[in-house]
Amino acid sequence: MIRVLLPAHLKTLARVSGEVQVDVAGQPTIVAVLDAIEASYPMLQGTIRDHVTQERRPFVRFFACEEDYSLEPPDTPLPSAVAKGTEPFLIVGAMAGG
Amino acid sequence: MSSVRLLVGTRKGAFVLTSDGKRERWDVSGPHFAGWEVYHMKGSPADPQRLYASQSTGWFGQLIQRSNDGGKTWEPVGNKFVYDGEPGTHMWYDGTPHPWKFARVWHLEPSLTDPDTVYAGVEDAALFRTTDAGINWEELPGLRTHNSGPSWHPGAGGMCLHTIILDPKHPDRIFIAISAAGAFRSDDAGKTWKPINHGLKSEGIPNPNAEVGHCVHRIAMHKSRPNVLFMQKHWDVMRSDDSGDSWREVSGNLPTDFGFPIDVHAHEPETIYVVPIKSDSEHFPPDGKLRVYRSKSGGNEWEPLTKGLPQRDCYVNVLRDAMTVDTLDSCGVYFGTTGGQVYGSSDAGDTWTPIVRDFPAVLSVEVQTLS
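First to last, the sequence lines map onto chains H and W. So for the first sequence, the working numbering puts the first residue at 1; every next one is plus one. So for the second sequence, the working numbering puts the first residue at 1001; every next one is plus one.
Hints were generated in silico from the structure; no laboratory data involved. Any given hint could be a false lead.
Stated by the list, open to error - Pairs of lysine-lysine, BS3-like flavour, derived with a Cα cap of 27 Å:
{"#": "1", "chain 1": "W", "residue 1": "Lys-1012", "chain 2": "H", "residue 2": "Lys-11"}
{"#": "2", "chain 1": "W", "residue 1": "Lys-1072", "chain 2": "H", "residue 2": "Lys-11"}
{"#": "3", "chain 1": "W", "residue 1": "Lys-1223", "chain 2": "W", "residue 2": "Lys-1278"}
Starting from the given sequences, assemble the full structure and let the hints guide the process.
Structure, rendered in structure tokens:
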């Protein structure tokens, strides 16, 4: 079970409060977690990454265990603490726009 | 008893304002989609309870929301806008080729007859359509792939397809306008398109009389006379009496012919409204006086409408989709400002009242007349 923290706007869109939890088979990677989130919450498709290219939207960032995973390849494994559910995977709306 | 419902899109959410036919007291609901830009909302003429809204942010992209109960509740529907085939390039600001890239939906135009069919005008300019109530969107690629497409370039606000008009007498006829490519017409339901810019003159482009490249800000039509079109261009107010095949200027005695919205009285096809703005570099009313101008002669002769509008120290703008008219016997006219005011007139513009004063910057105003 992977714990994921969504930014406020996406929590509203997904009609959830607090963290969400998704199941990922095997070693969790960035792309596996995003796939699982979009499968559970289809209304989030296109809001975190591009529908077609699957590239992260420019003002969305990915953090885990106080590390920035935003620029890492999509198949990058996430830390074991995220895999165990002791730490969340953070999807963050970048501070931008003043 | 009749009532009206205003659909107001703002920089920070959507609002639904309702009133009875007197249009004196208004109930405000919202903000819906708080914190998101709502470029446009519009109801289906075939089912007034069916509404569509374009919601976007720079962070999380584009969403389309649908309501089946007149705006009380909403659900996100499809937001996948993918150009048909290889998108190719258009001109960038510096004159170099630039890949077509989807940014947002500027305008939603529901079908006149089918609540599940909606057209979407997007940036970078293209026309999309859904026939399943917003779940899936498909491009009508004949427009973007017009042979002039590679020469289109963006206006200051982006290369947006902002105007979509469906001809009530010719079901296969569609008019659209793009900043800054100009106006186009399809006579075969969107398969093929022709530029309809003959008579437009734009000093800011290399050939002022070019077939395409004009910064059209908005076009309006009266449904009883769809061959007559009125246009607010970047500069110049224009009129066509032949479905856009030719245009002539009707700016007449306006204090400035720059502006964004233009609309037509619901019952008088020769009565039109504009909001003159000082210039393209100073997007506010001349002399700090917010004035709607009305022509009862289809242009050229204009009168300022000031009663109830601020006549000093007013420096707001009125954007292209932020004016609308209802169809009650005494035609209501409404507009929203970048200062967050929505003004209404229940007597065709003779007098105005602020309906709300402190919304976020208003991007669009549409009205539904409900029986």
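So, going through the hints one by one against the coordinates:
1. W/Lys-1012 to H/Lys-11: holds, 17 Å
2. W/Lys-1072 to H/Lys-11: holds, 20 Å
3. W/Lys-1223 to W/Lys-1278: The given pair, whose Cα atoms are some 30 Å apart, is violated under the 27 Å limit.
Consistency with the previously given hints fails for number 3 only.
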